[in-house]
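Q: The residues making up each chain are set out below.
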Amino acid sequence: METLLALLFGLLLAAACYMLLARSLPRVILGLMLLGNAANLSIIAAGRVAGTAPPLVERGAQALAAGGSNPLPQALVLTAIVISFALTAFVMVLAWATWRAEGTLDPETLRRAEPPALPSTDKEAAAEAEARP
Amino acid sequence: MIASRADWLLALPVLVPLIACALSAALRGRARAQRLVTGSAAAVMLLAAGALVAEVVRRGVIATQMGDWAAPFGITLVADLFSSAMVAITALIYAVTAVQAHADPGVRAEEGLWHPLLAALVLGVAGAFLAGDLFNLYVWFEVMLIASFGLLVLGGGRAQLDAAVKYAVLNLVATTVFLIAVGLAYGLTGTLNLADMARRMPEVPNQGAAAAVAFLLLAAFGAKAAVFPLFFWLPASYHTAAAPVAAIFAGLLTKVGVYAMIRAVTLVFPAGQDWMAPLLWAVAAGTMVVGALGAAAHWDIRRILSFLIISQIGYMIVGLAIATPLAIAGAVLSIVHHIIVKANLFLVAGAIRRAGGSFSLAQMGGLWRRDPWLGILFAVPALSHAGLPPLSGFWAKFLVVKAGFEAGWYVLAGVALATGILTLYSMLRIWIEAFWKEPPEGAAIVALAGRERWLVLGPVAALALVTLGIGLWAEPFAAFALAAGEQLAGRDAYIAAVLGARP
Amino acid sequence: MLDSLILRASARYVLWACVALSVFVLLRGHNEPGGGFIGGLIGALGFVFHALARGPPATRRVLRLDPLAWGGIGLLLAAGSGLPALLLHAEPLLTHQWMEGLPIGTAIPFDIGVYLVVLGFALAFVLPFLGEDAA
Chain A
0 METLLALLFG LLLAAACYML LARSLPRVIL GLMLLGNAAN LSIIAAGRVA GTAPPLVERG
60 AQALAAGGSN PLPQALVLTA IVISFALTAF VMVLAWATWR AEGTLDPETL RRAEPPALPS
120 TDKEAAAEAE ARP
Chain B
0 MIASRADWLL ALPVLVPLIA CALSAALRGR ARAQRLVTGS AAAVMLLAAG ALVAEVVRRG
60 VIATQMGDWA APFGITLVAD LFSSAMVAIT ALIYAVTAVQ AHADPGVRAE EGLWHPLLAA
120 LVLGVAGAFL AGDLFNLYVW FEVMLIASFG LLVLGGGRAQ LDAAVKYAVL NLVATTVFLI
180 AVGLAYGLTG TLNLADMARR MPEVPNQGAA AAVAFLLLAA FGAKAAVFPL FFWLPASYHT
240 AAAPVAAIFA GLLTKVGVYA MIRAVTLVFP AGQDWMAPLL WAVAAGTMVV GALGAAAHWD
300 IRRILSFLII SQIGYMIVGL AIATPLAIAG AVLSIVHHII VKANLFLVAG AIRRAGGSFS
360 LAQMGGLWRR DPWLGILFAV PALSHAGLPP LSGFWAKFLV VKAGFEAGWY VLAGVALATG
420 ILTLYSMLRI WIEAFWKEPP EGAAIVALAG RERWLVLGPV AALALVTLGI GLWAEPFAAF
480 ALAAGEQLAG RDAYIAAVLG ARP
Chain C
0 MLDSLILRAS ARYVLWACVA LSVFVLLRGH NEPGGGFIGG LIGALGFVFH ALARGPPATR
60 RVLRLDPLAW GGIGLLLAAG SGLPALLLHA EPLLTHQWME GLPIGTAIPF DIGVYLVVLG
120 FALAFVLPFL GEDAA
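Chains as they are written, first to last, in numbering that gives the first Met the number 0: chain A, 0 to 132; chain B, 0 to 502; chain C, 0 to 134.
Calculated from the structure, these hints are not laboratory results.
Mixed in with the good hints there might be a few duds.
If you only want the chain C side, here are some residues facing chain B, beta carbon under 8 Å, derived [stated by the list, open to error]:
#1 Ile5
#2 Ala8
#3 Val61
#4 Ala68
#5 Gly71
#6 Leu74
#7 Ala78
As a list, the in silico DMTMM-like pairs of lysine to aspartate or glutamate whose alpha-carbon atoms are at most 20 Å apart [stated by the list, open to error]:
#8 Lys401(B) x Glu474(B)
#9 Lys165(B) x Glu101(A)
#10 Lys165(B) x Asp121(A)
#11 Lys122(A) x Glu474(B)
Computed from a prediction, not measured in an experiment: that's the story for all the values here.
Where is the CB? At the ideal position from N, CA and C, for every residue including glycine.
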């Protein structure tokens, strides 16, 4: 099971890297989502898949019976999912606002914060590049 | 049993901004009430952080288990000298940013969002400094990150959107790498508690996997700390934010990354892998040089300052690379010094923009004649930043370079000294262009006056006084940093405080 | 804002159905799958539907308070539910104290707080992007 999860993790990671390198913001966001899921899989795999029974300790017992699943990675993944959900929503809204403001989602042409003329050794040229609206 | 003093002291730096965030969100639309909340929260947090530092100095490392779940299973909050000092500085920066924001038109227009977001950012930063386990560190990083997203786009300019896209994507990748490292570390050691992990990591049979975890953690924290070659998000974004936002970002955010690096390396991987020292060496040297050169090539004050943040991060990494107690003490003092000075410089940059009408060095001049106080208040942090005696930067650099020479790292110490000269060059350029040069035709002349002048320059002066204080009364601060360095290098006190006296 | 008679007419019912379902999911979460987070999302969905049909200003009127303020109140509630555990050291149990016979602990105010946080912050985030919003 762990081997399968590890393979899936690698696959997702590769796909995420490919998407992150795309020249299109929606694809980059998809890449981020894949990367988040890959991270979640790695936590599940690292926690060992010992069983699927609910991790409830029997009355009187000191430890979990064999075959119980490890609850900690699940709690971690749940937290991570919630966080990445919120962050992905933010980035999507950001992309939408960028699209409305700039009319493009190509990261290469989004140069408003870093104009192509910078850095410059010429003071006047730099000032002009910075002053452009 | 009633909660003890240590429990309260550890909980308050997290609880106060949390409640401030909740209250100021609930009071949206009532700016006066929100300001009152932020102001009193900053004051309470300063007092609480001061008490925390005093307690840690008196009793050594203190720890508390949230909800009484015993370590290593529960959530632990820990404070040693280093983290308590960081919490105190965080509270200080919170206070000065809150004051200066009153005078910033960009922030005032969005006050309903500014107060909760600022409190959430401080919450994340303070939580990260006190977190005793790796996963909580991740959660606090995310709290900090989402608050910083909101703050960065505050005001909603088009350049800010562009900056936020790059900032968000690169930081999200970094935190996801961090999350993967957390998962792998848990898989290797079966624990997330940093103290417990510190005991178990050397016993892990698969040391290759341990090295991978160490590398992933360093990469993730390094991206947060904006070290070479992972710094590109920083100069792409910081200069677009509103002035108080840029100040708190510049002061605190990257330093949380450096803090996490120092904590992880000194606590969990102290023996170090043999690749770690050369890697940190190269990263430190690259960070210092690239930052200083980038600063020299720009003409916008905030861009120059952004690159100088990167350059200064290099000094802290030098301390971590050398890793003797003296070097770590130098890194600690560098962080403390740098948070104060850099936040101050960004606040001054905001004031210069108000007085000179621009951030661009080409479009201003003659500020010295119009407002000598502004010049003095710029000169103190600027010279401190370049490491001139008798200011705080000198002592920070002195400790790092001295440790470098003692440990035989001559080249790295030489690079650190040369970087200081480049930094001085950039600072002098701002000085000559903004303060001495005749103002160009049509430069806007705005006089800061009355209450606004106090709100803008008051916090700057307060931070400048702290810088001067550290420089002139260096003895207690250096002693504190040395004790913190010993404590970080020793690490036994930390483990004992978290896990109790168990073997 | 989509101008459709069916949408506008159904918006109110969908909203209250969503809110009712979300409260059910919230309370169910005490012992069974469910809880504040998922409940808050379902509730937010109802309000977003309402905002799509009738415009964000109408939704803000239904909400009465600013969504961010709801989130703040929820955060206060959730943080407050941790105070008993901080003030008094007791059995290491997140729910702190259980009443005799009744499964009521600090988990309930915490979950209601989470519900309000999710609902409030999600709406504070989404409403400005749904059409022309004056507030």
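Q: All hints, please: hold or fail.
A: Hints and how they fare:
no., hint, verdict
1, Ile5, "34 Å, violated"
2, Ala8, "32 Å, violated"
3, Val61, "17 Å, violated"
4, Ala68, "5 Å, holds"
5, Gly71, "3 Å, holds"
6, Leu74, "4 Å, holds"
7, Ala78, "5 Å, holds"
8, Lys401(B) x Glu474(B), "16 Å, holds"
9, Lys165(B) x Glu101(A), "15 Å, holds"
10, Lys165(B) x Asp121(A), "26 Å, violated"
11, Lys122(A) x Glu474(B), "43 Å, violated"
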